[in-house]
Amino acid sequence: MLMTDDSAPFRDTFDQLLATVAEPAWLTTRRRAEMDRFALLGFPTRRQEAWRFTDLEPLIAAPPLPAHPLPAAGGDDGPAPASLAPWLLPVPTHRLVLVDGRFAPALSAGGALPAGVWLASAAETLRRRPDMLERAFGEGEEAFAALNAALFTDGVVLALEPGVVLETPVEIIHHTRSAAHARLHIALGAGAQAMVVETAIGTGTGWSNTVGVITLGAGATLTHLHIQAEDPAACHTTAVRAVLADQARYETCTLITGGRLSRRDVAVTLAGDGAQFRLHGAYLLDGGQEATLSVRANHLGLGCRTEEVVKGVLAGASHGVFLGTVAVAPSADGTDARQLNRNLLLSPQARVDTKPELEILADDVKCSHGATVGSLDEASLFYLQARGIDPDAARRMLVEAFAVDAIDAAGLPDALAALARRHLRRWLDGGAS
Amino acid sequence: MSKLLEIRGLRARIANGREVLKGIDLDVAAGEVHAIMGPNGAGKSTLSSVLAGKPGYEVTGGTVRYLGQDLLAMPADERAREGVFLAFQYPVEIPGVNNMYFLRAALNAGRRQRGQAELDAQQFLKAVRDRLKLLDIGDDLLRRAVNVGFSGGEKKRNEIFQMAMLEPKLAILDETDSGLDIDALRAVSDGVNRLRDPARAIVMITHYQRLLDYIVPDRVHVLADGRIVASGDKTFAAELERTGYAYLGDAA
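Heads up: the protein sequence lines correspond to chains A and B, in order. In this note's numbering, each number is its position in the first sequence, counted from 1, plus 1326. In this note's numbering, each number is its position in the second sequence, counted from 1, plus 189.
Calculated directly from the structure, the hints in this document are not laboratory data. Being a predicted model, the structure only gives us computed values, none of them experimental. Some hints here could point you the wrong way.
What the hints assert, rightly or not - No more than 20 Å apart at the CA atoms, straight line, and that leaves these computed lysine to aspartate or glutamate pairs for DMTMM-like:
| id | chain 1 | residue 1 | chain 2 | residue 2 |
| --- | --- | --- | --- | --- |
| 1 | B | K358 | B | D216 |
| 2 | B | K243 | A | E1704 |
| 3 | B | K243 | A | D1716 |
| 4 | B | K192 | B | D414 |
| 5 | B | K243 | A | E1450 |
| 6 | B | K358 | B | D386 |
| 7 | B | K243 | A | D1341 |
Let the hints inform the model, and build the full structure from the sequences given.
Take a look at the structure:
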């Protein structure tokens, strides 16, 4: 029978993958199931509410495929190490670089790990601790996550035993030129703490499709900075799923500046009581770029908090989308949730769609949500010019002030905040006015 | 004395609106302080806006020469870099832009224009401290975003502080006294007085004679219905205080 569903372009890659990797039987079974699931679901369409504003055509028309045959680990001609320098944290880190979704040891610098910390590539984890990986696959994935589970070749696994505080940040660089289906698994035991910085870069018309699976034990804290700075011709899709136990904190900041088409889905379940989820971030777009940031907070526990502040800066003919849902279950009394999405349109061709929503089934909750769309304030522009600052510099100053707030409010540790600000300035210098 | 500012027959209107300035003639020399007074709606703020290059106004006639150059042909930022300073009636709050960062950018923009080397962070800080001392104001304003959370008095002081830093040749003070209590008025006036300089002209626009008790002008002009209808020396202000603007309505 001839298959003509959306999985068709991936079937050859999939078959070659299964033929070349030596994996446990459960994983092969899982991959087949996920491929079938993707075949069943197909790419999302605009008829689906969550995808109404996202134009996937550039991706669907010719989805980039992983390079084949897979290069031997370590034998890859990855990017020049110097080209990564601008993206690195200004402090010592545990660094793992993934090139086209595969761990590149030559570019990485794991460093010595304290006791109680597991940090390794997904491939190595599969060899040594397959149980860790097996736990992190879910049922009923969405289309992109299903495709990732079917095709993934590598990724990063970070696991902290209870009470372990990893002081040194974990730095993950995704460098993509063709296609990458990487997995990021983070599991923090009760009271554990970690900082993770993920930076997605690359060259050409690649496609990075990453899945992140995060579980935080009671009282654990994860700080997670995500910088998406892909090539302007690239496609980028990520799905992050986090589950928080009692008093756990997930603090994340996301900066989206790259890609022709970009979509980041963050779904956080505040399962325990008193858990906290804070998401700050900005999408900064120009030319014909489109980016969607979709955030869902599922409140199940008592007295949990969600705080989201997302800024959008849209220049050229770019298109930004913010979808934010806070869902409060009947059990989740004492929920305190705030969502704010503010957008700055810098050109008449730029567009934004914003949709913060609440689904409240509990009685005792405090929820607010808001969205604004505006242009640069003329009075502020004139004030700056009246002091001798030229119009381009004045606009840059106001755009930076608008966007940097998303970084400042995130309350990141200094080194992470510095990296985020550096990236914001790079974007401001690179272009939009 | 050489004329710093020469305004001849200046006519202007609010964009697509009514004509507000109906033929202004005014000469200001370096070192002089001029006060322009007049009733509400006379065109005082329009005059300062047009001189500073604020968008939303159309010049429909006349000329303005500043140091011999055609001021109206320059964009607002260039006027500022050439030494024209407008102290705003309502200084704008700019969240997220630090006062020091902003001021250093402004100062160095002017220095670049004049072919001077930019001030580095240390040199800039020294200049800031010198001016704070001169004006006798604390440094707490500097750590905040531009005018954000400032009281009315603090905003006006910040304007004068900026003037001290940017060292303009022509300072236009637009209703700098409005909204100030007596202590704040005194503090702001003291600042302006310390910035009087033989090389600098100051044009004060005000509704109230009160300001002129603190900053004593060389010349006083009355603006009514878009024209300067009367001018005199500093004693003229006191006369106006007694008689009001009413009789000038007839004169206009």
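ask   = Going back to the hint list, which numbers does this structure go against?
value = 4, 5 and 7
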